[in-house]
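Asker: Please build the complex by placing chain P on the supplied structure of chain L, with the hints as guidance.
Chain order of the listed sequences is L and P.
Going by this note's numbering, the first sequence opens with residue 1, and the numbers climb by one from there.
Going by this note's numbering, the second sequence opens with residue 118, and the numbers climb by one from there.
There may be inaccurate statements among the hints.
When the alpha-carbon atoms are kept at most 27 Å apart in a straight line, the in silico DSS-like pairs for lysine-lysine are as follows [to be verified]: (1) L:Lys105 to P:Lys118; (2) L:Lys41 to L:Lys14; (3) L:Lys20 to L:Lys105; (4) L:Lys105 to P:Lys216; (5) L:Lys105 to P:Lys174; (6) L:Lys41 to P:Lys216; (7) L:Lys14 to L:Lys105; (8) P:Lys216 to L:Lys55; (9) P:Lys216 to L:Lys64; (10) L:Lys66 to L:Lys55.
To give an idea of the interface, some chain L residues facing chain P are shown, with a C-beta separation under 7 Å as derived from the structure [to be verified]: (11) Ser43; (12) Leu44; (13) Ile93.
Some chain L residues close to chain P (C-beta under 10 Å, calculated; not the full set) [unchecked claim]: (14) Val4; (15) Phe34; (16) Phe67.
Because the hints were derived from the structure by calculation, they are not lab data.
Where is the CB? At the ideal position from N, CA and C, for every residue including glycine.
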Amino acid sequence: GAVVSQHPSRVICKSGTSVKIECRSLDFQATTMFWYRQFPKQSLMLMATSNEGSKATYEQGVEKDKFLINHASLTLSTLTVTSAHPEDSSFYICSARVAGRFNEKLFFGSGTQLSVL
Amino acid sequence: KNQVEQSPQSLIILEGKNCTLQCNYTVSPFSNLRWYKQDTGRGPVSLTIMTFSENTKSNGRYTATLDADTKQSSLHITASQLSDSASYICVVTYTGGFKTIFGAGTRLFVKA
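Isolated chain P (complex conformation):
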């Protein structure tokens, strides 16, 4: 069964600290993996996209990694800011119809 699991479900960190969010998937055949940031009441905004041949991708303070062998991805946020408070969603696309599966998301709270 194709699934995308994210952990932790929620996370609280202090402003300025780093954090890492996890995404494990059992999707096959894999096409690409994306991380999105979703502010409350807004649509998701793309942070990174990686195909099977890419191990890491950065976007400012956001760095995503992908291990296609273990089917794991992580999103690392450096020097967190209050505006980083949001839900972070891992999305995996698999070929054969371009099906897309969304993870349940990790809700990040950054406190001053």
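With the rest of the complex left out, here is chain L:
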């Protein structure tokens, strides 16, 4: 299947700093990518939908100025957590959508564990 590469896998940062997470589709073009957040023992929560060449669509309750998303190319989307605080500590996962005639497929990155001190 298709491969989605997510970097970094783990990051520890000080409160107030910004952290950028990259999500790349390695062997296919992804016009749409998704960003999720996952707290321990909970399911994935969709944060935003990233569309190549246009502004991201954020889910209700997600601050777009806090979580900046850029999808400048068909193979790369980035999520920047600005002025991170301890409550932003979480597991962040991206996925890339491949649309077929009858259904779509989602391929997930391996996730990024963010710890804000």
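Answerer: Chain P alone, transformed into the frame defined by chain L:
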């Protein structure tokens, strides 16, 4: 309201035993249903995907079933292995924007 509910929330089984995980959904109009396996600290990995016309789909020791009439799906794991310990997530996509809803997952623990 579009929802995906999974049961049980967690399950402990002995190595070598079989188990079945359940997923009920109230999503409409239905497009497809997928089962994912997520190891702790990793991204989900796809196990099966089924459209409304498919009743069963197998992937090695994993067999998923779908009843589109009752809006129920199950994931059956045969001859469980220690490496099967993970969270299993049911994901339903509905048309009209390709919205996707994730179930809360079932945490499976396989013990030796």
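Asker: Would you mind marking each hint as holding or not holding in the structure?
Answerer: Now the hints, each set against the structure:
1. L:Lys105 to P:Lys118: 23 Å, holds
2. L:Lys41 to L:Lys14: Since the Cα atoms of Lys41 of chain L and Lys14 of chain L sit roughly 25 Å apart, the hinted pair holds (cutoff 27 Å).
3. L:Lys20 to L:Lys105: Satisfied, since the Cα-Cα distance of roughly 26 Å is no more than 27 Å.
4. L:Lys105 to P:Lys216: Holds, because 12 Å separates the two Cα atoms, which is no more than 27 Å.
5. L:Lys105 to P:Lys174: 15 Å, holds
6. L:Lys41 to P:Lys216: Roughly 23 Å between the alpha carbons, so the hint for Lys41 of chain L and Lys216 of chain P holds.
7. L:Lys14 to L:Lys105: 36 Å, violated
8. P:Lys216 to L:Lys55: 18 Å, holds
9. P:Lys216 to L:Lys64: 20 Å, holds
10. L:Lys66 to L:Lys55: 15 Å, holds
11. Ser43: Holds - the Cβ of Ser43 of chain L comes within 7 Å of chain P, reaching about 5 Å at its closest.
12. Leu44: Check passed: Cβ of Leu44 of chain L comes within 5 Å of chain P, closer than 7 Å.
13. Ile93: OK, holds: Ile93 of chain L within 7 Å of chain P, min 5 Å.
14. Val4: With a closest approach of 8 Å, the Val4 of chain L hint holds.
15. Phe34: Constraint on Phe34 of chain L satisfied, holds at 8 Å.
16. Phe67: Violated. Min distance 18 Å.
In this structure, the earlier hints numbered 7 and 16 are contradicted, and the remaining ones agree with it.
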